[in-house]
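Between the sequences and the hints, there should be enough to build the whole structure, so can you do that?
Protein chains: 2
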Amino acid sequence: MDSSKVKVVTCIAPVNIAVIKYWGKSDENLIIPINDSLSGTLSMDFMCAKTTIIASPELQENTFWLNGKEQSFNNKRLTNCLQEVKRLASKSLPHLNWKFSIKSENNFPTAAGLASSAAGYACLVSALAKLYEIEDNVSFIARMGSGSACRSMYGGWVLWCKGSSPDGRDSIAKQIAPASHWPEMRVLILVVNDERKKYSSTDAMKRSVETSELLKYRANQIVPKMTKACIEAIQKKDFEIFAEITMKESNSIHAICQDTYPPCVYLNDTSHTVANAVHAYNEFKSSNKVAYTYDAGPNAVLYLLDSSVDEFMSVINYLFPPQDTAEYYKGLPLSSNQLSQDLKMALNIPVQEPGCLKYIIHTKIGEGPKILTDPQQHLL
Amino acid sequence: MDSSKVKVVTCIAPVNIAVIKYWGKSDENLIIPINDSLSGTLSMDFMCAKTTIIASPELQENTFWLNGKEQSFNNKRLTNCLQEVKRLASKSLPHLNWKFSIKSENNFPTAAGLASSAAGYACLVSALAKLYEIEDNVSFIARMGSGSACRSMYGGWVLWCKGSSPDGRDSIAKQIAPASHWPEMRVLILVVNDERKKYSSTDAMKRSVETSELLKYRANQIVPKMTKACIEAIQKKDFEIFAEITMKESNSIHAICQDTYPPCVYLNDTSHTVANAVHAYNEFKSSNKVAYTYDAGPNAVLYLLDSSVDEFMSVINYLFPPQDTAEYYKGLPLSSNQLSQDLKMALNIPVQEPGCLKYIIHTKIGEGPKILTDPQQHLL
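For the protein sequence lines, the chains are A and B, in the order given.
Counting in our numbering, the first sequence runs from 120 upward without gaps.
Counting in our numbering, the second sequence runs from 120 upward without gaps.
None of these hints come from the bench; they were simulated from the model.
Because the structure is a prediction, the values reported are computed rather than measured.
Incorrect hints may have been included.
Since the list gives no way to pick out one identical chain from another, each pair is judged satisfied if it fits inside one copy or across any two copies.
Below are the EDC-like pairs computed for lysine to aspartate or glutamate, each with C-alpha atoms no more than 20 Å apart in a straight line [to be verified]:
#1 K404 / E359
#2 K347 / D164
#3 K347 / E332
#4 K477 / D388
#5 K317 / D388
#6 K317 / E177
#7 K344 / E329
#8 K293 / E486
#9 K325 / E402
Here is the structure:
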């Protein structure tokens, strides 16, 4: 290829973990949600998607490789995103109609149920926006790829407003506080071993909308006040309230899943044992020190302040004896303290079989998508 | 004791399994529920409580023995029941103020989470009503002992109306159809092994009322129409609709438990696997042949017609290999058929470890409490 006639963009984008959950669409094609949602963006130091796009007039056709496998372009979500990006681009761009090759990778296991599609679409849309020189908020385009991807378009704490426009143009994400606002916040991801059949969250959400009467009440009556209260708690850095809302919200969404017909049960016995441990620990400390939240899978994501990590990890290591410590701890350093006798008594939860947890990621709140300019970092 | 001065009454009373669930009280002391509920009464051939009361002027004090252990009378629920029964009794009864000795037993394990207190209080109140010659509907008195006990005061299909009187006098049970109405109905109780801490349903309900916003919506908006539809389905013997309502109701109540803060989780992985098997089987049969329902514990209670028992038991025996078949099957006879290859494929659920189920009771809908007149049947 003639390098003067090649455009190359590489981008990385983060994972986000909702504290007010997205569950249910009012428009399946455009991915417009029935309620607002709110998330923390996780540091890209340990978990991110990476996408490189090469555009050239010499390419004969568009190609898309995800984690080393070629993907079809016959994918409504992908084509919706491409169409919207091109619609926003200046018609005078010389490379607007060049074909391109997209290569995308996640640096964390896609199978672990860790919202890889959110990071992936945020990354793709960020790279396309850079390629086509678009400066606007393009979170609504990422949303068309994978709903919660719009929240991965910003760092820190991000609100996805459901909007009211039928075309979804105002169903966008905005940052409510940057990563630097609450620097003490840490996140522990406990990846749970689970051999059960996975249900797609798209199908499950659709079934919830169709069959759960409680869902309507949740979306209309409960989420609006929870969202408002959670934004305030984040702005004030009030962990006590933040934790309570986060846990109640997670419980509420899994209640809706249980109320769906047939039910979609994402939590298993291990997930519930983690939640019990969090409540027992908070009771022992006489205040909320840890908050759990669960997405469409059994993995527990724990929000906690850095001052609580060591002690709470002693709880987790006691209740869930690690099988293979070499690959078990990922991310920020974790020290392994002995659990105090008092705390052990207070927990009153039996030690679980080794192997209930696959591994643990220790991370923190981080920045939004980033364009990488060093040519060595390109994927192609 | 001088036998001319002794009154002896022996009574048996059944267990009931709700299809529209009771969850939440509007009055903790009087046990007035926040919604109507509806149940099937189970045959006393296999599960019942039995109570003998001996009253005599020669007894010095009241005593109460439950399953061979002496109980204190310092129990608000028990004293509420006694007080109400005496209030209704004729003041001219010569034995009204005699002391008495109560002995009560269940012929099924109390620890199995099989609503033993409902049968127990229904039995006690029936025996006291007989002793004091009361002919009225005394289900409201049984209710003061243990809410759902009022539904065990009748056979067949029983509605507990929450009522509207602050004193609870109209919070009573009534039969909507006798046991003979739907003679094909069978019940399978799958008793699940579970080593977790048990939560008292009284405490959990209270916490739900205090913390679950979804509960209010359920009680006020969902239960009234479900109850009406379920009564109709029973009256028409429409199993398709009956099963759907039963399963949705069970899911709804466990959704509320998950929405409670902290959550009270009664279902475990085995409970969910049973529910999955029921949905997979119904899908295979292209209609609802089996309905699950779960109370405040992991045991699955399945309603099904006699024509489905053999085939569905082949599903259960395949998914949950029995450990010790000698003590494993209780109640009505169960034949053990081979699971068809088609059905095995359709289930798509892995075979579970042996020991997930403790035992299985096969029973049917039966009659209400009964006074036993043969002196050999007395417990004392």
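(Q) Name the hints, by number, that the structure is in violation of. (A) Result: hints 2 and 6 break, sorted rising.
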